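Colleague: Here is what each chain is made of, one letter per residue.
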Amino acid sequence: MHSLIQSQLRLTLAVIAGAVVILGGIPLLFALVPATRTLSVLGLPLPWVILGIVVYPVVYVAARVYVRNAERIEAEFTEFVGRR
Amino acid sequence: MSSAMSLTAIGLVVLATIGIGLFGLRISRTTSDFYVASRAVTPRWNASAISGEYLSAASFLGVAGLVLVNGADMLWFSVGYTVGYLMLLVLVAAPLRRSGAYTLPDFAETRFESAVVRRICSGLVVGIGTLYLLPQLHGAGLTVQTVTGAPPDVGAAVVAVIVVFNVAAGGMRSITFVQAFQYWLKLTALATPIFVILIAWRSGDHPAGVLQSLQGAASEWSEPLSRAGGRDHPLYATYSLLLALCFGTMGLPHVLVRFYTNPDGRAARRTTVVVLALLGLFYLFPPMYAVLGRTFAPDLVSAGADTVVLELPNRILPGTAGDLLGALVAAGAFAAFLSTSSGLTVAIAGVTDQDLFRSRLHRWTGGDYVAVNSFRIAAVLSMTVPYLAFLVTGSLSLADTVGLAFAVAASTFCPLLVLGIWWRRMSTTGAAAGLVVGGVAASAAALINVLGGPDGGWPKALVGQPAAWTMPLAFITVIVVSKLTPDKIPAGAARSMVRLHTPEAVDVDRGLPSR
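Heads up: the protein sequence lines correspond to chains P and E, in order.
Residue numbering for the first sequence follows this note's numbering, beginning at 65 and increasing consecutively.
Residue numbering for the second sequence follows this note's numbering, beginning at 3 and increasing consecutively.
Okay, chain P solo, but in the shape it has when bound (with noise of 0.2 angstroms):
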């Protein structure tokens, strides 16, 4: 019981991470490097791109992979249980 709340929390832990450096990392990168702001990628600025539309593929990428890792890890807890 103790390691399937283990599993679970590194595994929330990691995504948490992962999006404090990337999300948590965008306003520090237009912060410290002011280029980035007025940087223009297909004729669109890029915060604009990053903010409008990069970020919503990435957040749903993020939470199919959590999901299915999650459910390995019930899964195998549940094997593990039933078996005994």
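Please note: incorrect hints may appear among the correct ones.
Where chain P lies over chain E, by a calculated footprint (3+ residues, C-beta under 8 angstroms) [as the list claims (entries may be wrong)]:
no., region
1, 66-78
2, 234-241
3, 268-276
4, 280-289
5, 496-507
Bear in mind the hints are in silico, worked out from the structure with no lab data behind them.
Since the model is a prediction, treat every value here as computed from it, not as a measurement.
Just so it is clear, CB atoms sit at the ideal spot from N, CA and C, and this is done for glycine as well.
Since the structure of chain P is provided, determine the placement of chain E on it from the hints.
Modeller: For chain E alone, coordinates are given in the frame of chain P:
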């Protein structure tokens, strides 16, 4: 804008909402139906319903308005509204469903075995819900005013009456269908004008002016951290806003109630993933209105920015096409007020009913009352208080006010849920202390803002975006007080942890694997 056409569209949305509500009345019979739709809603329906309920006036009108005035930094609003569900997914979705509780106070009571913690939670649900209802009523007033020129009180009153009628009539079962329908209506209403405008340009005019507003070297507006619109300390404000939105979502009363309608923990997770897709799709559009508004409705920057979504179709495409699209957008906006307000009212009424009414009614009538009637009285009260607050508060930025509700949730329910689910040694005293400290700090900041806050500099930044200091304050309070009061750790904490984290398959049938 053709007011006749827009009024017809709004009327249709209202009729559809009431129609589905009446249908719900015929099939909802028991109190359990009222609260959680008998827990038999499939993930896809539920995800549409959650998104429909979540996308409020702040998302439909407010985000575009803020971006129009303040530029790139405001894009974080829609990012935060979405990432909030990722945090909800990884931190609380499945355990919360497995707790088996109906409402937030239920969760608090089963986990901490304390009526005091429960009562504090009930108070917070009412407080956060009221703070969140306020901008919905303002949005409704604004929309009716833009369409017809009628004073804002009229639109707000219309929404208030319809929501109370619908909630009291059908409870949550009908709400689920109404909400699911309203997500798709809102997405259609917001996306269609953009596509029509793009197609119109392909066949004639050139969108060069629009792209210039994004690229112009002189434009501070398109750059992040530029203080466009006069917001000081943009880096602090960005982080604080992000924190409030990411960790406040899980503590919103109407969001949580909705999660109990999932059949099990796994469905709760899968529902959340679909929600993330639906929200991401929706939030592609509000910034486009802001960019177009910068070129075609620059007068709105100084006054009435929150109406940019409503005004734009007609500004760009005069004539019948613009009228039709304007009517569609007005209908979508009304769907936004109705759905979010309904969800909030169900949540507030549920808590008021259970924790304030039921026991008193029982005492007064000697048990001779119908439970459903008590819920209906609570529904009326839940809307009356925010409506009175609406009458006394002046003009508010829709998305900013909603942001404050998120900040209060992030400073109260977030620590309660996150630590309550993952930390066995959290004590009852720690829970109560965290709720009180975080709640008082964040609510004070919210109240100062609603009543007209400080003029500028750090005081304005700290009070305008309080989450960066109130949320850590609440977490630290819970942890320190819990460490100091180890004898107040609930006796059943270990058992609670097992229930929160064990897959249902293990309890139901030990012989079968979970899939």
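Colleague: Now, for every hint given, state plainly whether the structure supports it.
Modeller: Status of each hint after checking the structure:
For the region 66-78 of chain E, the proposed coverage by chain P is satisfied: 3 residues have a C-beta within less than 8 angstroms of a C-beta in that chain, meeting the threshold of three. Beta-carbon proximity to chain P at under 8 angstroms applies to 3 residues in the region 234-241 of chain E; the threshold of 3 is reached and the given coverage holds. Residues of the region 268-276 of chain E lying with their CB closer than 8 angstroms to a CB of chain P number 5, which satisfies the three-residue condition for coverage. Note: the region 280-289 of chain E has 6 residues with beta-carbon separation from chain P under 8 angstroms; the three-residue rule is met and the coverage holds.
Residues of the region 496-507 of chain E lying with their CB closer than 8 angstroms to a CB of chain P number 6, which satisfies the three-residue condition for coverage.
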